[in-house]
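Sequence order for the protein chains is C and G. The first sequence lines up with residues 1 to 211 when you count with my numbering. The second sequence lines up with residues 1 to 211 when you count with my numbering.
Worth flagging that the hints you see were computed from the coordinates, not collected in a lab. There may be inaccurate statements among the hints.
Note that identical chains are pooled: a pair holds if it fits in a single copy or bridges any two copies.
As the list claims (entries may be wrong) - PhoX-like, lysine-lysine: derived pairs with alpha carbons at most 25 Å apart:
1) 51 <-> 124
2) 207 <-> 171
3) 18 <-> 171
4) 207 <-> 51
5) 191 <-> 205
6) 207 <-> 194
7) 75 <-> 18
8) 139 <-> 51
9) 209 <-> 194
10) 53 <-> 191
11) 171 <-> 209
12) 194 <-> 205
13) 101 <-> 124
14) 139 <-> 171
15) 191 <-> 51
16) 176 <-> 191
17) 205 <-> 171
18) 75 <-> 124
19) 139 <-> 18
20) 171 <-> 51
21) 205 <-> 51
22) 89 <-> 51
23) 207 <-> 176
24) 176 <-> 101
Number of protein chains: 2
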Amino acid sequence: METGKYIINDYLDELSSKAAVPGGGGVAALSAALGASLASMVCSLTIGKEKYKEYEAEVIEIKQQALELQESFLKFADDDAHAFLPLSKAYSMPRKTDEEKAARSQVMQQALIAAAEVPFNLIKTCTATIEMYEALLTKGSTLAISDVAVGAEMIITAASSALLNVYINTKLFADKQSAAEMNQTAEGLVKEIKERLGNVIEQVKIKVKGS
Amino acid sequence: METGKYIINDYLDELSSKAAVPGGGGVAALSAALGASLASMVCSLTIGKEKYKEYEAEVIEIKQQALELQESFLKFADDDAHAFLPLSKAYSMPRKTDEEKAARSQVMQQALIAAAEVPFNLIKTCTATIEMYEALLTKGSTLAISDVAVGAEMIITAASSALLNVYINTKLFADKQSAAEMNQTAEGLVKEIKERLGNVIEQVKIKVKGS
Numbered sequence: 001m002e003t004g005k006y007i008i009n010d011y012l013d014e015l016s017s018k019a020a021v022p023g024g025g026g027v028a029a030l031s032a033a034l035g036a037s038l039a040s041m042v043c044s045l046t047i048g049k050e051k052y053k054e055y056e057a058e059v060i061e062i063k064q065q066a067l068e069l070q071e072s073f074l075k076f077a078d079d080d081a082h083a084f085l086p087l088s089k090a091y092s093m094p095r096k097t098d099e100e101k102a103a104r105s106q107v108m109q110q111a112l113i114a115a116a117e118v119p120f121n122l123i124k125t126c127t128a129t130i131e132m133y134e135a136l137l138t139k140g141s142t143l144a145i146s147d148v149a150v151g152a153e154m155i156i157t158a159a160s161s162a163l164l165n166v167y168i169n170t171k172l173f174a175d176k177q178s179a180a181e182m183n184q185t186a187e188g189l190v191k192e193i194k195e196r197l198g199n200v201i202e203q204v205k206i207k208v209k210g211s
Numbered sequence: 001m002e003t004g005k006y007i008i009n010d011y012l013d014e015l016s017s018k019a020a021v022p023g024g025g026g027v028a029a030l031s032a033a034l035g036a037s038l039a040s041m042v043c044s045l046t047i048g049k050e051k052y053k054e055y056e057a058e059v060i061e062i063k064q065q066a067l068e069l070q071e072s073f074l075k076f077a078d079d080d081a082h083a084f085l086p087l088s089k090a091y092s093m094p095r096k097t098d099e100e101k102a103a104r105s106q107v108m109q110q111a112l113i114a115a116a117e118v119p120f121n122l123i124k125t126c127t128a129t130i131e132m133y134e135a136l137l138t139k140g141s142t143l144a145i146s147d148v149a150v151g152a153e154m155i156i157t158a159a160s161s162a163l164l165n166v167y168i169n170t171k172l173f174a175d176k177q178s179a180a181e182m183n184q185t186a187e188g189l190v191k192e193i194k195e196r197l198g199n200v201i202e203q204v205k206i207k208v209k210g211s
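Only chain C is shown next, with the shape it has when bound in the complex:
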């Protein structure tokens, strides 16, 4: 079943089971989708308000972008499930003869690269939300300012979780240089996401916390 068609209770039941998917990769993607959806909500609560009229055109654009990102993130949850199957098949390939071992290793390496690319691309897509949140900090309705921060929290968690899912795959790459490069690039992106969205969250905290 595609993630998008799950009833939340059923999804949680399936998640809690020993079924191979969904797992941490799917949850990371869903977390990002929730984050993008909250950004869209903040836009929805801002559009049409006299107080924010000067930002209206920009906020309408941000909303469109947030909705597109929400859809992309949800697709990553399905991609994650799809990437797991070939990996699982590769693991169960025979490995008695040298030929079998070589064939298994080749299939597995391809499956590992494909499996690592899903969380890697999820992280890349998370970076596309940064400017959106930074803009909403000043241009979104102050009534929904805490939701800007909750959305940013969900994106940080999605990216941090995806990084772990990059690691568990790159760790088994035969090509250690590719593994190190992918890890480094992903770490750099996650660092930027944490710093800039962390800053958004801090600024929201200052605004919402009473003296």
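Please build the complex by placing chain G on the supplied structure of chain C, with the hints as guidance.
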């Protein structure tokens, strides 16, 4: 509609809209439910495995606890939605005469306390997951070690997000001492959650990251 009956796509559509609920409070609760569900998944993948036989009884207990927490967290999402309605009603009460102002203020203060208690209790419940994750770090299947960290990430995000939702309500408390006390207690709990689950995540990172 109760959160637990939502199809994920429909939930995201409703979330992204300007409807009063769900919002950041519901997402915080859902995030915690996803975290508890992942803890249960790790248990499911551990139970019955020869390698972890010595921990089996304990892991079965943790799974039961995780499933109960998953249900509690999902209930907080509905509680959050229910707490919003009286607050919204209080806002729209008349405030022309002094009597009306006083009546409105009293109703609003009660609604604010009720609205603050939902994220406050969510944070408290999040602390109940800490020992669970610490135990799974060594007693859960190493095949699902990254999921332990993703689960811990979801709980940290849930608690941090809930803290913002405590703030937006306590900020408007007439009783400033109660507000400060609730903030301080919540901050202390969130600090403990971040430190101890942050430590779990760091230890997972060391295990899953290749050299």
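Results for each hint:
1. 51 <-> 124: So residue 51 and residue 124 fail the 25 Å test inside a copy (34 Å) and across (37 Å) alike.
2. 207 <-> 171: Classified as between; 10 Å across copies, 42 Å inside a copy.
3. 18 <-> 171: This pair counts as within: shortest intra-copy Cα distance 23 Å, inter-copy 44 Å.
4. 207 <-> 51: within (18 Å within a copy, 51 Å between copies)
5. 191 <-> 205: Both ways: residue 191 and residue 205 sit 21 Å apart in one copy and 15 Å across, limit 25 Å.
6. 207 <-> 194: Classified as both: same-chain Cα gap 20 Å, cross-chain 22 Å, threshold 25 Å.
7. 75 <-> 18: Both ways: residue 75 and residue 18 sit 22 Å apart in one copy and 24 Å across, limit 25 Å.
8. 139 <-> 51: within (10 Å within a copy, 55 Å between copies)
9. 209 <-> 194: both (21 Å within a copy, 19 Å between copies)
10. 53 <-> 191: neither (34 Å within a copy, 39 Å between copies)
11. 171 <-> 209: between (43 Å within a copy, 6 Å between copies)
12. 194 <-> 205: both (16 Å within a copy, 16 Å between copies)
13. 101 <-> 124: neither (34 Å within a copy, 51 Å between copies)
14. 139 <-> 171: So residue 139 and residue 171 pass the 25 Å test across copies only (22 Å; inside, 42 Å).
15. 191 <-> 51: Close neither inside one copy (35 Å) nor across copies (36 Å); limit 25 Å.
16. 176 <-> 191: within (22 Å within a copy, 38 Å between copies)
17. 205 <-> 171: So residue 205 and residue 171 pass the 25 Å test across copies only (12 Å; inside, 38 Å).
18. 75 <-> 124: Result: close within a single copy only, 14 Å intra versus 33 Å inter.
19. 139 <-> 18: between (44 Å within a copy, 16 Å between copies)
20. 171 <-> 51: between (52 Å within a copy, 22 Å between copies)
21. 205 <-> 51: Within one copy only: 22 Å inside, 46 Å across.
22. 89 <-> 51: So residue 89 and residue 51 pass the 25 Å test across copies only (23 Å; inside, 57 Å).
23. 207 <-> 176: between (46 Å within a copy, 17 Å between copies)
24. 176 <-> 101: within (19 Å within a copy, 69 Å between copies)
Hint compliance for this structure: hints 1, 10, 13 and 15 are broken, all remaining hints hold.
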